[in-house]
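Asks: Each step along the sequence shown adds one to the number in this note's numbering, with nothing skipped, and position 108 is 108.
Keep in mind the hints are simulated off the structure, nothing from the lab.
Treat each hint with caution, since some may be false.
Ranges of calculated distance between the beta carbons of each label pair, as one might list FRET restraints [unchecked claim]:
id	residue 1	residue 2	range
1	G101	S33	32 to 40 Å
2	A98	A3	32 to 40 Å
3	D81	L40	34 to 42 Å
4	P65	A20	13 to 21 Å
5	K27	R113	33 to 41 Å
6	L37	A106	18 to 26 Å
7	A98	G25	18 to 26 Å
8	Q46	R71	30 to 38 Å
9	A20	S86	15 to 23 Å
10	A26	A83	22 to 30 Å
11	I4	A98	17 to 25 Å
12	S13	V68	19 to 27 Å
Glycine included, C-beta positions come from ideal geometry on N, C-alpha and C.
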Amino acid sequence: TVAITPFDFSPYSAAAILSAYADQGAKAASVFSFLSLAMLGMDPEQFTPYHLGVICNAFQRASSPDEVLFRHLARVALRIDPADFSLKAAANILGAFAHFGIQDAALSAHLSRAIAQEDAE
Numbered sequence: 001t002v003a004i005t006p007f008d009f010s011p012y013s014a015a016a017i018l019s020a021y022a023d024q025g026a027k028a029a030s031v032f033s034f035l036s037l038a039m040l041g042m043d044p045e046q047f048t049p050y051h052l053g054v055i056c057n058a059f060q061r062a063s064s065p066d067e068v069l070f071r072h073l074a075r076v077a078l079r080i081d082p083a084d085f086s087l088k089a090a091a092n093i094l095g096a097f098a099h100f101g102i103q104d105a106a107l108s109a110h111l112s113r114a115i116a117q118e119d120a121e
């Protein structure tokens with residue numbers, strides 16, 4: 001038997017697994033629950049805008065709301081320079097927050113700056 005703990009995952013592996021399971025619906029609920037807890041314990045410095053976008057998009061596609069995780073991911077996103085966000089990552093994050101009705105003014109303003117910078121280029 002191999003025991004897997006939440007500490008065995010990185011934002012990259014969590015994003016990849018969640019994306020793979022996103023279209024499985026209720027059958028994947030335990031995977032989303034487990035990885036949600038794992039991500040709450042991960043070092044925020046390990047997350048990239050890409051990871052955040054994929055993770056938020058996977059939760060949205062799975063219709064698996066997790067407000068505690070999303071609040072945590074918002075705090076993580078606020079630590080990242082807006083210039084580092086691609087338009088796609090920002091859109092995926094904002095879209096998932098809107099899909100679940102989770103409002104975060106600071107995150108919206110932060111990612112709006114990211115979109116404006118991307119648009120100006």
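Asks: Which of the numbered hints are not met once you compare them with the structure shown?
Replies: 1, 3, 8, 10, 11
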